[in-house]
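Q: Sequence:
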Amino acid sequence: MFDTSTFIRLLPELILLVTALVVIFVDLYARRRTALGLLPGLSIVGLALSFLAVFAQWGTREVVAQTLAADTFAAFFKMVAAVAVILVVLASVRYMRARTRYVGEFYAFLLVATLAVYIAVSARDLITLYLGLETLSIVSYVLTGFLRDDKRSNEAAIKYFLYGAVASAIMLYGFSLLYGVTGTTDLQEIARRLLNGDVLVNMEWLAWPAIVLVTVGFAFKASLVPFHQWAPDAYEGAPTPVTMFLSTVSKATGFAVMARMFLVAMPALQSSWTALLYGLAVLTMTLGNLIALRQTSVKRMLAYSSIAHAGFILMGLVAVTTALGQPFNGLDGVLMYVVAYAFTNAGAFAVVAAVEDGTGGATLDHFAGLVGRAPFLAAAMLIFLLSLAGVPPLAGFAAKLFVFAPVVRQEYYVLAVVALINAVLAAGYYLKVVKQMFFVEEPERAPFAVARSMRWALWLMIIAVFGVGIFMNWFAFMASQGAAGMLGL
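In this note's numbering, the protein residues as written are 14 to 502.
It should be emphasised that the hints constitute simulated quantities derived from the structure, not laboratory data.
Keep in mind that a hint or two might mislead.
Unchecked claim - Ranges between beta-carbon positions, derived for each pair:
1. P280 with G480: 21 to 27 angstroms
2. Q201 with W472: 42 to 48 angstroms
3. N209 with V421: 20 to 26 angstroms
4. V155 with P280: 34 to 40 angstroms
5. E454 with V225: 37 to 43 angstroms
6. I140 with F461: 45 to 51 angstroms
7. I171 with R110: 24 to 30 angstroms
8. P280 with V179: 26 to 32 angstroms
9. K164 with G210: 51 to 57 angstroms
10. L34 with F461: 33 to 39 angstroms
Keep in mind that this is a model prediction, so the values were computed, not measured.
Virtual Cβ for every residue (Gly too), placed ideally from N, Cα, C.
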């Protein structure tokens, strides 16, 4: 029997699905020039309508089809994903036209990837969670290798696929152990049975390897050390708009599913996974920053920076275990960091894409004297790098405030000191790029123009970076609402 309420709750997902089908249809049957003009606009309209459909459901807490949670936590990540992918589409218009004939397929894959994100962040069942993550992973492999004539793109896709297949198998084995111990795939039921000891007789010990295996799978999705090996090559070899997607939307999804799994399904095992995440946070931010210091490719430098920032986000999950229900409870810090990081990191990679378009590369040498050749790009990159470094009043400062505060409150002083040292290290290699742009002259390189759609994307991200930093209280309120939606506070 047709259920109207289910249809309404699934409307954001249905809008994305229909938009992807329309994009494919237009690409197949419209003239190429007409299609090239319509496809980005159609994709943006579909994503915007999906965003509005999610926002209209803000504040609800329901279960859809017994497997999907319609709560503010899922809604928060869906809205971040929709906005981020709109920015990716804007940044990709000229970039992809110049490099591939298959522009329609590119936008269709982006929409399907966003749909997979929606499913993964809403999943309250192990099977649904796995299907969402695997769909996202498979589409991400295709997008990474989308430039078929580019050797680096193909190599990056193969590496990403091989690492991803192994990580998915490990994660699935962890899911199977959880199911074997508890006899259910429902996350809340898993939590109830673990808390009450209602598990398979003499098999309780299997919960511990299950935590490790599941964490390995999620750590790969979020590019945490030592499961990050795929990220630098994939980020550097993929088309830069795809790198924008992988470093923001895909990474945010990894943290969303990690938070739901640990906080909803495994509260009984908090001490174990907290210790595991603590170690991963220290390793991730430290190794990511140390390797980034040595890079000469700005794109690869930002890839390692992205890995390091994953360690900062993880701090919020470490602190959330003993701070539930309080302001600065750790989980709201994760959400705050995700939204600030999405705009900032996407902006930095968008500048890289524009520089690649104008100069043919993205090394430090290509950024030399950028202020004289493309002053708007140099100013935008300066803003994004300062935000990544955590300088007020930009979004990065608000993000770091909301993860440092719960860590200090819960007396994880060693973690706070390590994070502070890493913030200083990160500022070092960000300043290398600033020095190249503003203080190194390159008279042999000519000025170049920036595509109109790219300018729009950059302006939107600049406004967002300032907006999150200046109006942090409003964004913090939304983040706390999102956290409360999952925790039931």
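Q: Give a verdict on every hint.
A: Hint by hint, here is what the structure shows:
Checking the proposed 21 to 27 angstroms range against P280 and G480 shows it is violated: the Cβ atoms sit about 35 angstroms from each other. A hinted range of 42 to 48 angstroms holds for the C-beta pair Q201 and W472, which are about 43 angstroms apart. In this structure the supplied range 20 to 26 angstroms is violated for N209 paired with V421, their Cβ-Cβ distance being about 34 angstroms. Checked against the hint of 34 to 40 angstroms, the pair V155 and P280 passes, with Cβ atoms roughly 37 angstroms apart.
Checked against the given bound of 37 to 43 angstroms, the beta carbons of E454 and V225, roughly 53 angstroms apart, lie outside it. In this structure the hint that I140 and F461 lie 45 to 51 angstroms apart at CB holds, the actual value being about 50 angstroms. Distance hint check for I171 and R110: the Cβ-Cβ separation is about 25 angstroms, which falls inside the suggested range of 24 to 30 angstroms. As the Cβ distance of P280 to V179 is approximately 29 angstroms, the hint placing it in 26 to 32 angstroms holds.
The hinted range of 51 to 57 angstroms is satisfied by K164 and G210, whose Cβ atoms lie roughly 55 angstroms apart. Separation of L34 from F461 is about 37 angstroms and conforms to the stated range, judged on CB atoms against 33 to 39 angstroms.
Checked against the numbered hints listed earlier, the structure breaks hints 1, 3 and 5; every other hint is satisfied.
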